[in-house]
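Heads up: the protein sequence lines correspond to chains A and B, in order. So the first sequence is residues 0 to 340, counted in numbering that gives the first Met the number 0. So the second sequence is residues 0 to 440, counted in numbering that gives the first Met the number 0.
Treat the hints with caution; some may be incorrect.
Subject to a maximum C-alpha distance of 27 Å in a straight line, what follows is the list of computed DSSO-like cross-link-like pairs (lysine-lysine) [as the list claims (entries may be wrong)]:
#	chain 1	residue 1	chain 2	residue 2
1	A	271	B	276
2	A	271	A	238
3	B	161	B	171
4	A	238	B	276
5	B	178	B	211
6	B	161	B	276
Everything labelled a hint here was simulated from the structure, so no lab data went into it.
Here's the letter readout for the chains.
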Amino acid sequence: MTEQEGGEGLAAFAALFGLDAPAQDAGAEEGGKRGLFRRLKENLTKPRQAISPQLAGVYQSKLVSEDTWEELEEALITADCGVPATMDLVEALREEAGQGRITSGPGLARALTDEIGNRLASEPPRIALGDEPTVILVVGVNGSGKTTTIGKLAHQLALLGQKVVIGAGDTFRAAAVEQLQVWAERSGADIVRQSPGADPGAVAFDAVVAGTARGADVVIIDTAGRLQTQHNLMEELRKVHGVTGKAMDGAPHHVLLVIDGTTGQNGLSQAKLFSEAVPVSGLVLTKLDGVARGGIVLAIHRELGIPVTMMGVGEGVDDLQPFDAKGFAEAIFSPDSGSGG
Amino acid sequence: MFDALSDKLQGAFSGLRGRGKLTEADIDKAMRAIRLSLLEADVSLPVVKQLTTAIKERATGDEVMSSITPDQQVVKIVNEELTRLMGGANVSLAMAPNPPTVILMAGLQGSGKTTCTAKLARHLLNEGRAPMMVACDVHRPAAMDQLAVLGEQIGVPVHLEKGSTDPVAIAKDGIAAAKRAGRDVVIVDTAGRLTIDEEMMAELVAIRDTVKPTSVVLVVDAMTGQTAVDVATAFQDAVQFDGVVLSKLDGDARGGAALSVRSVTGKPILFVGTGEKVDALEPFHPDRMASRILGMGDVLGLIEKAQQTVDVDDAKRMEERLRGGNLTLDDFLEQLRQVRKMGPLGQVMGMIPGFSKAAKMKDVDVDERRIDRIEAIISSMTMPERSRPDIINGSRRRRIATGSGTTVQEVNQLLAQFKQMQKLMKRMGKGGMPSLPMGMG
Numbered sequence: 000m001t002e003q004e005g006g007e008g009l010a011a012f013a014a015l016f017g018l019d020a021p022a023q024d025a026g027a028e029e030g031g032k033r034g035l036f037r038r039l040k041e042n043l044t045k046p047r048q049a050i051s052p053q054l055a056g057v058y059q060s061k062l063v064s065e066d067t068w069e070e071l072e073e074a075l076i077t078a079d080c081g082v083p084a085t086m087d088l089v090e091a092l093r094e095e096a097g098q099g100r101i102t103s104g105p106g107l108a109r110a111l112t113d114e115i116g117n118r119l120a121s122e123p124p125r126i127a128l129g130d131e132p133t134v135i136l137v138v139g140v141n142g143s144g145k146t147t148t149i150g151k152l153a154h155q156l157a158l159l160g161q162k163v164v165i166g167a168g169d170t171f172r173a174a175a176v177e178q179l180q181v182w183a184e185r186s187g188a189d190i191v192r193q194s195p196g197a198d199p200g201a202v203a204f205d206a207v208v209a210g211t212a213r214g215a216d217v218v219i220i221d222t223a224g225r226l227q228t229q230h231n232l233m234e235e236l237r238k239v240h241g242v243t244g245k246a247m248d249g250a251p252h253h254v255l256l257v258i259d260g261t262t263g264q265n266g267l268s269q270a271k272l273f274s275e276a277v278p279v280s281g282l283v284l285t286k287l288d289g290v291a292r293g294g295i296v297l298a299i300h301r302e303l304g305i306p307v308t309m310m311g312v313g314e315g316v317d318d319l320q321p322f323d324a325k326g327f328a329e330a331i332f333s334p335d336s337g338s339g340g
Numbered sequence: 000m001f002d003a004l005s006d007k008l009q010g011a012f013s014g015l016r017g018r019g020k021l022t023e024a025d026i027d028k029a030m031r032a033i034r035l036s037l038l039e040a041d042v043s044l045p046v047v048k049q050l051t052t053a054i055k056e057r058a059t060g061d062e063v064m065s066s067i068t069p070d071q072q073v074v075k076i077v078n079e080e081l082t083r084l085m086g087g088a089n090v091s092l093a094m095a096p097n098p099p100t101v102i103l104m105a106g107l108q109g110s111g112k113t114t115c116t117a118k119l120a121r122h123l124l125n126e127g128r129a130p131m132m133v134a135c136d137v138h139r140p141a142a143m144d145q146l147a148v149l150g151e152q153i154g155v156p157v158h159l160e161k162g163s164t165d166p167v168a169i170a171k172d173g174i175a176a177a178k179r180a181g182r183d184v185v186i187v188d189t190a191g192r193l194t195i196d197e198e199m200m201a202e203l204v205a206i207r208d209t210v211k212p213t214s215v216v217l218v219v220d221a222m223t224g225q226t227a228v229d230v231a232t233a234f235q236d237a238v239q240f241d242g243v244v245l246s247k248l249d250g251d252a253r254g255g256a257a258l259s260v261r262s263v264t265g266k267p268i269l270f271v272g273t274g275e276k277v278d279a280l281e282p283f284h285p286d287r288m289a290s291r292i293l294g295m296g297d298v299l300g301l302i303e304k305a306q307q308t309v310d311v312d313d314a315k316r317m318e319e320r321l322r323g324g325n326l327t328l329d330d331f332l333e334q335l336r337q338v339r340k341m342g343p344l345g346q347v348m349g350m351i352p353g354f355s356k357a358a359k360m361k362d363v364d365v366d367e368r369r370i371d372r373i374e375a376i377i378s379s380m381t382m383p384e385r386s387r388p389d390i391i392n393g394s395r396r397r398r399i400a401t402g403s404g405t406t407v408q409e410v411n412q413l414l415a416q417f418k419q420m421q422k423l424m425k426r427m428g429k430g431g432m433p434s435l436p437m438g439m440g
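Okay, chain A solo, but in the shape it has when bound (with noise of 0.2 Å):
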């Protein structure tokens, strides 16, 4: 498959893990491959959530005036962009614009989704997969979507072969660990699970000890949710991480930090300061449903550089993929996407 076909389908997962993609999906994949994308620009276009006016005000003008700039200004901000990353973007696009790059609205929109696709795709985040187990740790507020992005992902290597332990390590919210085991049977992953309350810390090592005799390709870690400005707990995030590293030397070899797609500015605290406690890899945007448009990834890409693993964009367990940079971009902001609203 071709790079930018990546993000859609389980060959997109495949890809993500560097694994061969399956064969006899080249049938369904053209499905799965519309799929991610159709539904939610599907979503955009529903009359009462179509893409802010401003924006499809933007892309009908026939001149770039002073007004087209302010209309983009605040489309960005009402995609929770956040002022410093939006003032970037539109300095960046009117540039364009004063070498004479930029001449009309559906110009402007083309370059728009340039720049934010090449922005979002300047790294991109892989989770290579060797012959040790890979641990990857999970972490992010509270009803972010951490435990439901463990199941689909589960659910996803599954399909690709690939065997799959999971720690139930939010020992603290009721009933967490049973969701857990519901997406586990579900995908047919091992879990290691402890009782309530139990030490979040041993969970993780136990579940990498399991991971490692049983010869598991993939450790995934839930945590419970908190937020960023719990000290204790985020103390209590850094000693998780640590004895993870205790169980097998390098790990956690990814740490994903899960957040809602309707997180506005404070998304932001939630990058930097789970960053402080663990060294957060990659991004998960859930619950990007068209009305939540994930800007606040933009934000976080220009301060901390965090790049975004993968997406979510409604409540099928095909929903989550890996994030496509470009896709995302087009998905959320080009054009045809809600102006017929």
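Fit chain B to the supplied structure of chain A, relying on the hints for placement.
For chain B alone, kept in the frame of chain A given last:
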């Protein structure tokens, strides 16, 4: 992150003092600062526009133009406008004249509905009511288990039907069960839904039409960004909610969503969720929220935080000892730990107005490490040394320094500072308490 609006306005008005009158350009500069500040606080753009128009109108009036401190005047106006928009004093939850009162919970996935359901139940229980919770989330795996566990924790019965996929039927049975059991409030927890999911919205409407709730409560995550307006509108169109619970306000989110939701739907915010524990639910205070959105520090929040984390008995005991003028190094250590329990120093200080500007937060981290060392030094002392620091001679100092991994100079410094503090305490005698957490006890 805490760029208080007042700092920004001071910047916008700088060079103005002594010049006298404000010009149109000055006001525009100030309006831009206000606009950016509100956007950074996640207030939705249409609401920001509406607000800045109202503020500009007032700001061009005489009270500002002729003021010697225009920045403060403008901050005052902004604060007033925000408070007004959020609806003045706090509103309480309506109860049905004929029990049971039925409360229907709604919200996006992950907004905190199930947790808020339990918090609300516990709140009502404390008010002397007999609540029951009904678990209608048949979609998220183990959501029913979560509510069951929470119910057990707080001692509130939960109606659930394991294996059922019909939330409308569960809701109906739940109300009937509550009536039979003589419960006077029924809180119906529902599945989280995406706003664009019409099927799920239809399900929520079906539940509402069946249980005919006294109130529909929308749970909104305080960290929500610009979409707060769309979310509120979607739920308003579908189920006409009556009030809002703003969840996860214990973080550092400025919470502009509160303003957006209120402004677009006119529905009051009833409660705010302020922590992990089931009792962390508080009435909503518009004035405090206004200060928070403006990033002007939250003194009341700080006081409450201190009250939450400081053990009242500990504080009392210490206060008594202090009144006797006997401050020991042990007390000092305990104090340090109490303050640190409130969170990182930088964050605690960020809640103090003016500090966000004065102390650039990065420098505070350094102090944090120094406090680590102080803790280590005191921890390396014996009990008699801690209560009678006078006995700490040269050889003891060397031992303490080695034990704590510090230097003799650092030990000396600490002892000298402590001695000064002791003197100060004695002089204060029966006067007020100088340090923060004790004063809060």
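Structure-based check of all given hints:
no. : hint             : result
1   : 271/A with 276/B : holds (25 Å)
2   : 271/A with 238/A : holds (18 Å)
3   : 161/B with 171/B : holds (15 Å)
4   : 238/A with 276/B : holds (22 Å)
5   : 178/B with 211/B : holds (14 Å)
6   : 161/B with 276/B : holds (26 Å)
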